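S.K.: Just so you know, the sequences run in chain order A and B.
All residue numbers in the first sequence are consecutive under the working numbering, ending with 114.
All residue numbers in the second sequence are consecutive under the working numbering, ending with 112.
Rather than coming from a laboratory, the hints here were simulated on the basis of the structure.
As the structure is a computational prediction, the values presented were derived from the model and not from experiment.
Hints are not guaranteed to be accurate.
[As the list claims (entries may be wrong)] Taking lysine to any residue and the SDA-like style, the derived pairs with C-alpha atoms no more than 25 Å apart in a straight line are:
#1 A:K101 - B:Q41
#2 A:K58 - B:S98
#3 A:K49 - B:E100
[Said to hold, decoys possible] One side only, chain A facing chain B, incomplete, derived with CB under 8 Å:
#4 F34
#5 G43
#6 L44
#7 T106
#8 G107
We put the beta carbon where it would ideally sit given N, CA and C, even for glycine.
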Amino acid sequence: AQSVAQPEDQVNVAEGNPLTVKCTYSVSGNPYLFWYVQYPNRGLQFLLKYITGDNLVKGSYGFEAEFNKSQTSFHLKKPSALVSDSALYFCAVRDIPGTYKYIFGTGTRLKVLA
Amino acid sequence: KAGVTQTPRYLIKTRGQQVTLSCSPISGHRSVSWYQQTPGQGLQFLFEYFSETQRNKGNFPGRFSGRQFSNSRSEMNVSTLELGDSALYLCASSFTHSDEQFFGPGTRLTVL
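My request is simple: use the sequences and hints to build the entire structure.
M.R.: Below is the structure:
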């Protein structure tokens, strides 16, 4: 069955330290991969996506993600965390070709401590 | 460019009633998806419409239905409401299937 896993419900990191939010997936084909962020009382916002090409993709607000096909992972990273990065992060996969469904992970709450 | 809009923003209903939620996508976007967000389940995909056709459907009972109009606006209907339907319902639009989705602010539905 197709699925997306975000193994950590919450990640705590000190401001200025690097952060990683993990995501693994299980879908057929060559899926499209996305990260979204949800700030308190605000809607979901797109951060970055991987469709093809370079395994390291760069997105908004200094975030980047690394696609690893052999490990079926798409971890979100940032070299230096800011308190303002504290939010709920969702990994998503579009099953292409296949069902074309969007499958979201359960979300990881990132807390950056000052 | 105006973002995705959803109306109403808040709804309170009682069990057994039905409800209709509305979504207006970004101008030019023909794909509209609906999601249910709850604290315990995260984002659950409901369905996707493209050019007035339902292209995909999630694992929800038939009480959940939707449609898309020729101007790409979409509506979602839930009949015979249950307490467990209380959630934030999000609408998202995109230009094509490879593009990122743009989300609306959601409709908070409370079923009493």
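S.K.: Run every hint past the structure and note whether it holds.
M.R.: Outcome of the hint check:
no.: 1; hint: A:K101 - B:Q41; verdict: 17 Å, holds
no.: 2; hint: A:K58 - B:S98; verdict: 17 Å, holds
no.: 3; hint: A:K49 - B:E100; verdict: 7 Å, holds
no.: 4; hint: F34; verdict: 6 Å, holds
no.: 5; hint: G43; verdict: 5 Å, holds
no.: 6; hint: L44; verdict: 4 Å, holds
no.: 7; hint: T106; verdict: 4 Å, holds
no.: 8; hint: G107; verdict: 5 Å, holds
When the structure is compared with the earlier hints, no violation turns up for any of them.
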